[in-house]
Amino acid sequence: MTEFSAAERAYLRTQRLGRLATVDPNGQPQANPVGFFPQDDGTILIGGHAMGSTKKWRNLEKNPKVALVVDDVVSVSPWKVRGVDIRGEAELLTGPHGLGPRFSEEVIRVHPRRIHSWGLEEN
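Residues 184 to 306 (our numbering) make up the sequence shown, in order.
It should be emphasised that the hints constitute simulated quantities derived from the structure, not laboratory data. Don't take every hint at face value.
[To be verified] Restraint ranges, calculated between C-beta atoms of paired labels, are given here:
#1 Leu276 <-> Arg202: 18 to 26 Å
#2 Ser258 <-> Arg202: 16 to 24 Å
#3 Gly278 <-> Lys245: 30 to 38 Å
#4 Thr185 <-> Leu276: 18 to 26 Å
#5 Gly278 <-> Ser258: 22 to 30 Å
#6 Glu244 <-> Pro279: 16 to 24 Å
#7 Val257 <-> Gly210: 32 to 40 Å
#8 Ala190 <-> His232: 18 to 26 Å
The model shown is predicted, which means the values in this text are computed figures rather than measured ones. For glycine and all other residues, C-beta sits at the position ideal for the given N, C-alpha and C.
I would like the entire structure built from these sequences, with the hints used as guidance.
If you want it as structure tokens, here you go:
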């Protein structure tokens with residue numbers, strides 16, 4: 184598993200929303216906004232309401248490849264953006280997870296295989 188740099192870990196801790204990309208059985212991409220939670224072991228948990236009944240969950244049952252992009256605009260003038268692009272494999276989990284009562288028992292654990300970041304040195 185690829186590890187996050189200190190700057191990437193610090194940035195991810197300040198953000199709450201990312202976009203998760205999956206691929207359906209017909210090869211069509213799907214991207215959805217998701218809440219995510221960086222874990223001490225270098226993985227990322229993604230939770231939601233009724234996660235086990237979502238299209239993203241069904242997509243991942245067939246193909247575990249994922250991309251998660253977390254980014255934001257620091258300044259419009261001058262234009263400055265920053266973010267992290269995480270490519271990896273998803274593990275579908277069901278059961279207690281500690282994310283809170285608003286989340287269903289199904290969660291997605293992302294195991295990073297490739298990480299690319301930009302603009303973090305300008306924090």
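Quick rundown of the hints versus the structure:
no., hint, result
1, Leu276 <-> Arg202: 18 to 26 Å, "holds (21 Å)"
2, Ser258 <-> Arg202: 16 to 24 Å, "holds (21 Å)"
3, Gly278 <-> Lys245: 30 to 38 Å, "violated (22 Å)"
4, Thr185 <-> Leu276: 18 to 26 Å, "holds (20 Å)"
5, Gly278 <-> Ser258: 22 to 30 Å, "violated (42 Å)"
6, Glu244 <-> Pro279: 16 to 24 Å, "holds (21 Å)"
7, Val257 <-> Gly210: 32 to 40 Å, "holds (35 Å)"
8, Ala190 <-> His232: 18 to 26 Å, "violated (32 Å)"
Consistency note: the structure conflicts with the earlier hints numbered 3, 5 and 8.
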